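Peer 1: Make a model of the complete structure from these sequences and hints.
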Amino acid sequence: MGYDLHFGWTGAIGKVILGATRSDGGTRKISYQVGGGTTLPLLDQDPLSSSPLVALEICDNPEYWSPIVRNFCGDLVDSVDDWAKTAETVYGADLVRLYLTSTRQRNFSDIKSVGKTLETVLSGTALPLIIEGSNDPKIDSEIFLKCGETAEGERLLLGTAEAGRYRSIAAAALAYNHSLIAQSPIDVNLAKQLNILLREIGVQRDHILIDPYTGALGYGFEYSYSAMERIWFSALKGDTDLAMPMICSAIDSLTIKEVREAEPALQDDMAMQWEFYTGIAAAAAGSEIVCVRHPKTVGMLKKAFASIKTAAGSTEVKK
Amino acid sequence: MALKALDIYKLLPKKNCKECGDPTCLTFAMKLAGGKADVDLCPYLDDQAKSVLGATTRPPIQRVNIGVGERSFAVGEEFVLYRHDKTFYHPPGILFKVSDTQTPEEITTITIRVRDESFTRIGTELRFNGIAIENTSGSADAFARAVMTVEESADLPLVLISKNTEALIAALVQVGSYKPLLHAATKENFRELCALAKKHSCPLAIKAHGLDDLKGLVKDCVTEGVKKLVMDISPQSPGDFIATSTAIRQLAITRQSPDLGYPVFLDATHPYLQDAAIALGIVKYASVIITPPLSPASAKAALTLRQNIYTDPQKPIQMNPGLYRVGSPGKDAPVLMTVNFSLTFFTLQGYLESTRIPCFMLIVDTEGLSVMTAVAAGKLNETLVRDSIKKFDLEHEVSHKTLIIPGYSAPLSGRIEEATGWKVMVGPRDAAEIGEYLHEEWQKQKS
Ligand code: B12
Ligand code: SF4
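As given, the protein sequences belong to chains W and H, one line each in that order.
In terms of the numbering used here, the first sequence opens at residue 44 and continues consecutively.
In terms of the numbering used here, the second sequence opens at residue 148 and continues consecutively.
Just so you know, these hints were derived from the structure itself, not from any lab.
Everything numeric in this text was worked out from a predicted model, so none of it was measured.
Accuracy of the hints is not assured; some may be wrong.
What the hints assert, rightly or not - To be clear about the criterion: a stretch of chain H counts as covered by chain W if any three or more of its residues have a C-beta under 8 Å from a C-beta of chain W, and this derived list gives those stretches: (1) 152-166; (2) 337-347; (3) 454-461; (4) 525-533.
To be verified - Cβ-to-Cβ under 10 Å is the rule here; a few derived chain W residues that face chain H: (5) Phe264; (6) Asp282; (7) Glu301; (8) Lys346; (9) Phe348; (10) Ile351.
From the three backbone atoms N, C-alpha and C, an ideal C-beta is built for every residue, glycine too.
Peer 2: The following block contains the structure:
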């Protein structure tokens, strides 16, 4: 007697397509379909269901970036297209997530440069891209439209929409057919509300990824972990306003005490393990894209996800 | 399916003799119904009642204790699939593995590391739990010697791993009374191992692959009279582990397969997937995890993940609000205000201790929320600060009226000044900068 791991659930996680290849009108070498799960995270035995993806986070102004990554990468961080390229060719990331940190300078207004940056990154790597726009509502609209337009046809994932701040990004996503990240602070109901708001202004479900906000390991991760499990579980039980795939980025991992104050010789290792343990646990809770900043974490996570996926199919725990 | 308290009561002897530790048979019945007591506690139950009650009233996952003394630990007795449904109760024991082919020095070093290493987070000491000794050599003598080497340096819970029953017997001569976990009973040797486990009252690991074989072996061992079992599900990969372990947890807590209601054992040994296996083990229901010694970074990450996942989601770890002292502060010492979320408290306290400036910490009751969360939720406000100053009699404790507040609560500074009449200084956002701040700003305003 085997056992069915579907436990009687009827709902499924929705699907979202990221990146467009030439045949779809873009220039990416691959496109991903995330979502589609019908049982608990990582348990789907369907060989076509996706394994979690790993995104390397980079930025266009390293002043705003972790010194640990800056030390590890050296000059690379001064050239965002090369950085993007190594994400693909050296570290083996599935996606590149570009933070437009240059826009964080006071009174930033050089919108054109944002378009240029995006162009160089698009030519630096052939991976699908996630773009994090400004931090400042005043320039959101221009920045998101610029990104949307520059990468038209590429099926970007644009970030980040929040409850008080989603119109500009939604407008850019709608105008140029990109998807977007909807972030809410660790709360199932807030996540749902935001998705409803987005739907009301026309963003389709299959263009939304939920970011339930990830507290760093030891600094609130347990709340995020449970929020993710609850979101996934609600989707399986049929709540379509929560049935979007999830993305997680534990951005505080490199600034928390244990990592920041690690002995210099151990610091890279500490950063990687902190990101790695968080990433594995987040994937087990339902995150389908795990974002990290230390380049070396990418390979570790990819190997681990591959081992989970290949083997889930071979277990005897089947119908 | 679970029985109701009254149904259970009908099967009890109704002597109200208190020998079970409960005042009446009825209260005992209520405990049994909640899965909080063991039928064996009542000495007067007849076998029939016992067998009816045994399967339905014990916790859906059997509790198993490993080791004796201070470092012994309990696993099992879990009730939910998701931590948010209630909480997870018994964090997995993580034990470092040594082999009897290692030198005594190597074995001793690892043992002492597990004995002494601890990592304090949020006021709790996080440690690894014990040593698993593997009989790689195949020799009973070598195994017994390795076990003695471990035993000579520490009283830690042990797992004895051997395919050779003679080796286990030899080791048990030394450590049989310390309740080590024996690993492992299989289809082939379960009778011998059950006899050993019974003789020494040790918990026993069974090893099989696949739910049917596991169930079969559990039944065999229970028939032999051994109930303190853990199941080595011998996964072929991390993916196999999570699928099998999840199925077991689900089947056990719903009592669909009571025979699977035992804690899960995981050997995380793997050339490069060890950390993945440990992380998955922690989040997905492993109760005993053995692993080669971890690097310092993996060690901290693993222990922190375990602490996070096994924190009760209904009550974040909180401090009692009040006035706390760092060092022996005088009446002119600075007063730093913060919230009663224990993580915040211990983080700030750690940095304050290293500044070596004696001071007061005024902990206000934000119901366990961190600074930023409390500000966002409106829990941290001027009224709370005013009332706390009064309640903890700050006016008499210090000779000044200056309060340092966290950087993230800066928007409240004006309102706090108005409500309290105290001068407010906005500290840095990051507690790591508090030393510098006190040396510069506090000294400046004093002079
Ligand atoms: C875990 C978490 C939660 C948990 C609660 C955890 C808890 N016990 O507080 C939950 C899930 C319940 C939660 C809920 C909410 N949260 Co919340 N949460 C977090 C998260 C991820 C981590 C918080 C944490 O533990 N920090 C660690 C502790 C140690 O930090 P801390 O207390 O601030 O202390 C530091 C400093 O302040 C300083 N310090 C502390 N005391 C003092 C004193 C002095 C004198 C000085 C100088 C310095 C100092 O030192 C410490 C270390 O540097 C943060 C994101 C983040 N990165 O902070 C969001 C975050 C704080 N939450 C946020 C929000 C909006 C909320 C909600 C309002 C949302 C909602 N669901 O309605 C609710 C409010 C709660 C409620 N009751 O309704 C926002 C706040 C936005 C803002 N800036 O205003 C954040 C920033 C997330 C985000 N980016 O959206 N949250
Ligand atoms: S020991 Fe048995 S008979 Fe005595 S009070 Fe308890 S349940 Fe009743």
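Peer 1: So, for every hint listed, does it hold in this structure?
Peer 2: Structure-based check of each hint:
1. 152-166: violated (count 0)
2. 337-347: That given contact is violated, which follows from only 0 residues of the segment 337-347 of chain H lying within Cβ reach (below 8 Å) of chain W.
3. 454-461: This one holds; 5 residues, not fewer than the three required, reach chain W with a Cβ under 8 Å.
4. 525-533: violated (count 0)
5. Phe264: Cβ of W:Phe264 sits 5 Å from chain H, so the hint holds.
6. Asp282: 16 Å, violated
7. Glu301: 6 Å, holds
8. Lys346: This hint holds: W:Lys346 lies near chain H, its Cβ roughly 6 Å from the closest one there, short of 10 Å.
9. Phe348: 9 Å, holds
10. Ile351: Result: holds, 4 Å to nearest chain H Cβ.
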